[in-house]
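Participant: Spelled out, the chains give:
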Amino acid sequence: MYDGGKIIIGLIIGVGLLLSPFIYDAGKAAKPPAPELTEKAKEAKECVAETSYMKSSHMHLLDEWRHTVVRDGERYYKAKNGKVYYKSLQTTCLDCHSNKSKFCDQCHDYIGIDPYCWTCHIEPKENK
Amino acid sequence: MNFIISILFSGFAVSTLILIPWVGVGAFDLRVLFGVIVPYAAMATFFIGIIVRVIDWGKSPVPFRIPTTAGQEWSFPWIKSNPIDNPRGTGGVIVRMILEVLLFRSLFRNTRLEYRNADGGLKVDYEWEKWLWLAALAFHWSFLVIFLRHFRFFMEPIPSFVHLLDSLDGFLQMGVLPFNGLGVPCVYISDLLMLAAVTYLFFRRLYIPQVRYISLPADYFPLFLILALGLTGVLMRYFLRVDITAVKELAIGLFKFSPTVPEGIGVIFYIHLFILSVLIAYFPFSKLMHFAGVFLSPTRNLSNNNRFVRHVNPWDYPVQTHTYDEYEDEFRERMIEIGLPVEKQIEPKEEPKEEEKE
Numbered sequence: 000m001y002d003g004g005k006i007i008i009g010l011i012i013g014v015g016l017l018l019s020p021f022i023y024d025a026g027k028a029a030k031p032p033a034p035e036l037t038e039k040a041k042e043a044k045e046c047v048a049e050t051s052y053m054k055s056s057h058m059h060l061l062d063e064w065r066h067t068v069v070r071d072g073e074r075y076y077k078a079k080n081g082k083v084y085y086k087s088l089q090t091t092c093l094d095c096h097s098n099k100s101k102f103c104d105q106c107h108d109y110i111g112i113d114p115y116c117w118t119c120h121i122e123p124k125e126n127k
Numbered sequence: 000m001n002f003i004i005s006i007l008f009s010g011f012a013v014s015t016l017i018l019i020p021w022v023g024v025g026a027f028d029l030r031v032l033f034g035v036i037v038p039y040a041a042m043a044t045f046f047i048g049i050i051v052r053v054i055d056w057g058k059s060p061v062p063f064r065i066p067t068t069a070g071q072e073w074s075f076p077w078i079k080s081n082p083i084d085n086p087r088g089t090g091g092v093i094v095r096m097i098l099e100v101l102l103f104r105s106l107f108r109n110t111r112l113e114y115r116n117a118d119g120g121l122k123v124d125y126e127w128e129k130w131l132w133l134a135a136l137a138f139h140w141s142f143l144v145i146f147l148r149h150f151r152f153f154m155e156p157i158p159s160f161v162h163l164l165d166s167l168d169g170f171l172q173m174g175v176l177p178f179n180g181l182g183v184p185c186v187y188i189s190d191l192l193m194l195a196a197v198t199y200l201f202f203r204r205l206y207i208p209q210v211r212y213i214s215l216p217a218d219y220f221p222l223f224l225i226l227a228l229g230l231t232g233v234l235m236r237y238f239l240r241v242d243i244t245a246v247k248e249l250a251i252g253l254f255k256f257s258p259t260v261p262e263g264i265g266v267i268f269y270i271h272l273f274i275l276s277v278l279i280a281y282f283p284f285s286k287l288m289h290f291a292g293v294f295l296s297p298t299r300n301l302s303n304n305n306r307f308v309r310h311v312n313p314w315d316y317p318v319q320t321h322t323y324d325e326y327e328d329e330f331r332e333r334m335i336e337i338g339l340p341v342e343k344q345i346e347p348k349e350e351p352k353e354e355e356k357e
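Going line by line, the protein sequences match chains B and E. Sequential numbering from 0 applies to the first sequence in numbering that gives the first Met the number 0. Sequential numbering from 0 applies to the second sequence in numbering that gives the first Met the number 0.
Calculated directly from the structure, the hints in this document are not laboratory data. Yeah, the Cβ is synthetic: ideal placement off N, Cα and C, and Gly gets one too. Please note: incorrect hints may appear among the correct ones.
Far from chain E by the CB rule (all over 12 Å, computed), these chain B residues [claimed, not checked]:
#1 Phe21
#2 Glu35
#3 Gly81
#4 Lys82
#5 Ser87
What the simulated footprint calls covered on chain E by chain B, stretch by stretch (three residues with Cβ under 8 Å from a Cβ of chain B suffice, anywhere in the stretch; the number is not a length) [as the list claims (entries may be wrong)]:
#6 38-50
#7 163-176
#8 248-255
#9 278-285
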């Protein structure tokens with residue numbers, strides 16, 4: 000090889016950077032998050048929509064609620080099962096899911112999301 | 000090849016690649032194949048392919064420094080030289096390479112030839128052409144940011160630079176838009192930039208006749224593949240949400256060599272992953288190798304020292320020579336016999352003295 004030393008050093012650096020997730024993750028216990036339900040949430044059994052939808056798309060629902068409440072003044076949400084909910088993060092969502100650190104934060108921290116809900120809304124007080 | 004055929008061919012290829020995981024996971028639930036086997040195979044192809052190609056390139060000799068420079072060479076102290084564009088040592092080369100790799104300096108010098116009517120005749124003009132450079136810069140940098148942002152799915156715990164990138168890239172709050180969907184999660188600037196830049200780079204190929212003429216399926220295919228990769232990513236983030244905690248479980252599983260295929264990830268994720276797998280598997284065989292190749296551009300990474308360092312051409316074969324000295328050694332006795340002048344006389348052989356032996 001010509002200039003083989005330099006090329007091989009460059010190759011090692013480049014490939015090493017690309018392989019860094021393998022090196023970084025090796026030997027670390029990466030536990031998938033386990034959001035906990037409060038007693039009240041367990042009792043209610045169902046959220047405003049089915050679990051799979053809430054897991055993946057709750058932020059869309061909240062965004063829609065925000066728009067319709069703030070802009071159109073519509074404060075009531077009719078769920079698929081016919082139940083009517085008051086559209087409010089603090090009084091409806093957090094009524095059941097009052098354990099932010101063991102519910103919201105579980106997945107948000109795992110994925111590295113810092114939602115800006117709490118720049119306006121008040122975080123629930125948790126009994127620790 | 001006709002450009003319409005090229006585009007149809009590449010478009011058809013990419014559509015097929017989208018359909019394969021769609022059918023495979025959507026209809027046959029082949030999650031292990033598309034979530035574990037294909038990504039591993041693609042990664043292996045990517046890394047082995049890159050190493051093989053770079054080493055292959057390293058074996059090709061560069062016998063002479065190619066001074067395609069835009070600056071004055073170093074010569075006399077009273078002639079001002081350009082140490083970056085025409086470097087004579089390693090320092091200048093490093094600066095030139097950094098500018099090339101990070102800012103695409105040689106693309107910045109791009110000009111466009113134009114004819115202009117002046118004084119009753121045609122005149123040649125070289126126009127400033129910065130759009131290609133700008134789009135290329137926007138594309139490559141947003142692609143890098145997007146790639147690094149994805150490390151939040153690859154690493155646990157998430158390193159701090161990912162959080163920093165995430166907050167800088169996502170500082171726009173699009174909740175002001177009159178429709179729903181782009182408010183939460185926040186819209187990333189790099190997503191929009193990359194899609195816009197790739198679209199521009201595609202239309203540029205169609206719009207400029209000379210570029211259209213030289214464009215091949217090998218140009219359209221990676222463009223379409225990257226466009227499809229970006230579009231599925233954007234769709235997945237803003238419109239067809241999937242359970243991203245499960246996605247991270249799958250990704251971490253791949254990187255920890257303990258692959259899992261969690262339930263409840265939408266097909267769109269497998270399409271995204273499959274397109275990425277195809278892209279990286281195609282990488283070593285395609286023009287995308289400029290990723291490694293830019294570091295090995297001989298006109299950029301070698302200093303222009305032809306005038307004061309001797310470069311021996313490595314493919315010179317050994318030439319059979321017979322110098323005069325060798326000639327005379329061979330024929331000296333006969334030359335002396337016929338009275339030809341010689342440079343070295345035959346030394347009289349000294350006989351060993353017996354006295355010293357004893």
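Participant: It remains to establish, for every hint, whether it holds in the given structure.
Facilitator: Here is what the structure says about each hint:
{"no.": "1", "hint": "Phe21", "in the structure": "violated, 5 Å"}
{"no.": "2", "hint": "Glu35", "in the structure": "holds, 14 Å"}
{"no.": "3", "hint": "Gly81", "in the structure": "holds, 23 Å"}
{"no.": "4", "hint": "Lys82", "in the structure": "holds, 22 Å"}
{"no.": "5", "hint": "Ser87", "in the structure": "holds, 16 Å"}
{"no.": "6", "hint": "38-50", "in the structure": "holds (count 3)"}
{"no.": "7", "hint": "163-176", "in the structure": "holds (count 4)"}
{"no.": "8", "hint": "248-255", "in the structure": "holds (count 4)"}
{"no.": "9", "hint": "278-285", "in the structure": "violated (count 0)"}
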